[in-house]
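Given only the sequences and the hints, what does the whole structure look like? Please build it.
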Amino acid sequence: MTRLVAPLLALAALWPSAAVPAQELLEEVLVTGEQPGPAMWKVKRGDHTLWIVGTLTPLPSKMTWRSQQVEDVISRSGEILGRYEGRAKIKGGNFAALRFLPAIMRLRFNADGRTLREVLPPEVYARWSATHRRVFGHDPDPKERARPFYAADLLFDEALEKAGLSEREAVWPKVDDLARRHKVRIRQLQIELPVDDPKGLIRDFAAVSPEKETACLVATLDRIDQDLPNMRRRAQAWAVGDLATLRELPVVNQQRTCVEALLERPKLRELADQARAKVDADRPGIISYMLLAHANSFTVESLDELLKPDGLLAQLRAAGYTVEEPQ
1003 MTRLVAPLLA LAALWPSAAV PAQELLEEVL VTGEQPGPAM WKVKRGDHTL
1053 WIVGTLTPLP SKMTWRSQQV EDVISRSGEI LGRYEGRAKI KGGNFAALRF
1103 LPAIMRLRFN ADGRTLREVL PPEVYARWSA THRRVFGHDP DPKERARPFY
1153 AADLLFDEAL EKAGLSEREA VWPKVDDLAR RHKVRIRQLQ IELPVDDPKG
1203 LIRDFAAVSP EKETACLVAT LDRIDQDLPN MRRRAQAWAV GDLATLRELP
1253 VVNQQRTCVE ALLERPKLRE LADQARAKVD ADRPGIISYM LLAHANSFTV
1303 ESLDELLKPD GLLAQLRAAG YTVEEPQ
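In case it helps, this note's numbering puts the sequence shown at residues 1003 to 1329.
What the hints contain is simulated information worked out from the structure, not anything from laboratory work. These numbers come from a predicted model, not from an experiment. The beta-carbon is built from N, C-alpha and C at its ideal position, and this holds for glycine as well. It is possible that some hints are incorrect.
Stated by the list, open to error - In silico lysine to aspartate or glutamate, DMTMM-like type, Cα no more than 20 Å apart, as pairs: (1) K1214 x E1163; (2) K1093 x E1272; (3) K1145 x E1171; (4) K1044 x E1213; (5) K1269 x E1194; (6) K1044 x D1074; (7) K1046 x E1272; (8) K1093 x E1194; (9) K1280 x D1312; (10) K1091 x D1198; (11) K1201 x E1272; (12) K1310 x E1266; (13) K1046 x E1087; (14) K1185 x E1272; (15) K1064 x D1179; (16) K1093 x D1179; (17) K1091 x E1194.
Claimed, not checked - Pairwise CB distance ranges, derived in the manner of DEER restraints: (18) P1311 x P1144: 44 to 50 Å; (19) K1046 x D1143: 53 to 59 Å; (20) V1281 x R1108: 28 to 34 Å; (21) Q1228 x E1307: 20 to 26 Å; (22) R1089 x R1235: 32 to 38 Å; (23) R1187 x P1144: 53 to 59 Å; (24) R1205 x K1310: 31 to 37 Å; (25) E1262 x T1117: 22 to 28 Å.
Right under this line is the structure:
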């Protein structure tokens, strides 16, 4: 699984660690090789500047990018504002948490041994089967027991791979490398979420309604059938810093439907609300510090957040900062 926020594995990611035929997907040529890289925004406070690179997924799987401008900014930065990393805090520590991992992994499959055919409406199962056949090149196993959430995730991953796309992280590995090369500190951001009732949280995952899971699978099928060409165009535009095209092609993300399905469950919503509140509370102060402490600093944010009318940049403008768009 490539998405850390994949609905069924989101909890495991937090846990302390121990209609496009497949042939057509393969035939379209994507931008490959070295590209100039993404656009950068500037947030200014007096003569101090926070540079922000926008990220996007999916991107061409065989693409690398090298931006001299990004390297120049990082080399001059006093600090890099890192990404948020979530971690569940389980009573009893890592050893206690490991006891629950088998139960978490079982959440990928339907309860009571039911097959996907048995839990999906007939028309949705028929559509999933047809898309599975196009993407994987063979009929699905009639005994497939994956929950609709998990079946959607597996299908989407394979569709991306056939299209020459990947949801692997493309920007942060490059930033990490440049930070080491130029000896620039990365300020890591942690969200520690206390989980007092792990069993209850797992039960909430298991109790998501079949209708919500089906909606997640249908949204995934819609994106595979309708949005793959635009995914390619967005990826190519990102690779060359074409912000105009990116604005014309807003992201249609089925994950919103899938995550909303999870958030109908009270314990899952509580955990998500805690994480969101932590980010919203911390981010203004951290950005203010970066702009106060350093003549130049650098961070990375999703394009979706940067382009939203009420997103991060709008909030920074409202707070009195000057925001300069990429040239």
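Here's how the hints hold up against the structure:
1. Distance hint between K1214 and E1163 is unfulfilled; the C-alpha atoms sit about 26 Å from each other, more than 20 Å.
2. Simply put, K1093 and E1272 have alpha-carbon atoms about 17 Å apart, close enough for the 20 Å limit, and the pair holds.
3. For the hint linking K1145 to E1171, the alpha-carbon distance of about 34 Å lies beyond 20 Å, and the restraint is violated.
4. As the CA atoms of K1044 and E1213 are separated by approximately 44 Å, the hinted pair breaks the 20 Å bound.
5. Under the criterion of a C-alpha separation no larger than 20 Å, the hint pairing K1269 with E1194 is consistent with the structure, at around 16 Å.
6. Distance restraint check for K1044 and D1074: the Cα-Cα separation of roughly 14 Å lies within the 20 Å cut-off, and the hinted pair is therefore satisfied.
7. Straight-line distance between C-alpha atoms of K1046 and E1272 comes to about 35 Å, which puts the hinted pair past the 20 Å bound.
8. Restraint check for K1093 and E1194: satisfied, since their Cα atoms lie roughly 13 Å apart, inside the 20 Å limit.
9. Between K1280 and D1312 the alpha-carbon distance is near 18 Å, which keeps this suggested pair within the 20 Å criterion.
10. A distance of roughly 8 Å separates the Cα atoms of K1091 and D1198; the hinted pair therefore holds under the 20 Å criterion.
11. Under the criterion of a C-alpha separation no larger than 20 Å, the hint pairing K1201 with E1272 is consistent with the structure, at around 15 Å.
12. Distance check on the hinted pair: K1310 and E1266 sit about 24 Å apart at the alpha-carbon level, beyond 20 Å; violated.
13. Taking the CA atoms of K1046 and E1087, the gap is near 26 Å; set against the 20 Å cutoff, the hint is violated.
14. For the hint linking K1185 to E1272, the alpha-carbon distance of about 39 Å lies beyond 20 Å, and the restraint is violated.
15. Under the criterion of a C-alpha separation no larger than 20 Å, the hint pairing K1064 with D1179 is consistent with the structure, at around 19 Å.
16. Of the supplied pair hints, the one linking K1093 and D1179 is violated, its CA atoms being roughly 36 Å apart against a limit of 20 Å.
17. Distance check on the hinted pair: K1091 and E1194 sit about 6 Å apart at the alpha-carbon level, within 20 Å; holds.
18. Checking the proposed 44 to 50 Å range against P1311 and P1144 shows it holds: the Cβ atoms sit about 47 Å from each other.
19. K1046 and D1143 have their C-beta atoms about 57 Å apart, which keeps the hinted 53 to 59 Å range intact.
20. Checked against the hint of 28 to 34 Å, the C-beta distance between V1281 and R1108 comes to roughly 30 Å, which is consistent with it.
21. Separation of Q1228 from E1307 is about 23 Å and conforms to the stated range, judged on CB atoms against 20 to 26 Å.
22. Checked against the given bound of 32 to 38 Å, the beta carbons of R1089 and R1235, roughly 36 Å apart, stay inside it.
23. For the hinted restraint 53 to 59 Å between R1187 and P1144, the CB-CB distance of approximately 55 Å keeps it satisfied.
24. Checked against the hint of 31 to 37 Å, the C-beta distance between R1205 and K1310 comes to roughly 34 Å, which is consistent with it.
25. At roughly 25 Å, the beta-carbon separation of E1262 and T1117 lies within the given 22 to 28 Å, and the hint holds.
Comparing the model with each earlier hint shows violations of hints 1, 3, 4, 7, 12, 13, 14 and 16; every other hint is respected.
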